[in-house]
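Please model the complete structure; the sequences and the hints are all you need to start from.
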Amino acid sequence: MPEYEFVDVYVPRGVSRKDTTRLLTDHAEYGHWELDRLRLDPDGSRRVRLRRRIIRQLRATW
Numbered sequence: 001m002p003e004y005e006f007v008d009v010y011v012p013r014g015v016s017r018k019d020t021t022r023l024l025t026d027h028a029e030y031g032h033w034e035l036d037r038l039r040l041d042p043d044g045s046r047r048v049r050l051r052r053r054i055i056r057q058l059r060a061t062w
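Take the sequence shown: its letter number 1 is residue 1 in my numbering, and every next letter is one higher.
The hints are simulated quantities; they were obtained by calculation from the structure and are not laboratory data.
Fair warning: there could be bad hints in the mix.
Stated by the list, open to error - Just the calculated beta-carbon pair ranges, DEER-fashion: (1) Y30 to D8: 17 to 23 Å; (2) W62 to F6: 34 to 40 Å; (3) D41 to E3: 27 to 33 Å; (4) V15 to T61: 45 to 51 Å; (5) I55 to E29: 16 to 22 Å; (6) R17 to A60: 33 to 39 Å.
Bear in mind the structure is a predicted one, so any value in this text is a computation, not a measurement.
C-beta: ideal position from N, C-alpha, C; glycine also.
Quick look at the structure:
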């Protein structure tokens, strides 16, 4: 079962859809994050949860 770490991003209502897309694309491209959940609040703000897989490296035993 893979393990994930999460980060929550709050995008206020004044931010355009294009700018939000650019922000999330940058997180995905440079931080290796993927979209887990997006919530659009009634006031127009967005709450985004991003996740990325935790890769555990096993200790080498020579």
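Hint check:
no.: 1; hint: Y30 to D8: 17 to 23 Å; verdict: holds, 18 Å
no.: 2; hint: W62 to F6: 34 to 40 Å; verdict: holds, 35 Å
no.: 3; hint: D41 to E3: 27 to 33 Å; verdict: holds, 29 Å
no.: 4; hint: V15 to T61: 45 to 51 Å; verdict: holds, 50 Å
no.: 5; hint: I55 to E29: 16 to 22 Å; verdict: holds, 18 Å
no.: 6; hint: R17 to A60: 33 to 39 Å; verdict: violated, 47 Å
Figure legend: structure checked against the earlier numbered hints; the only hint not met is number 6.
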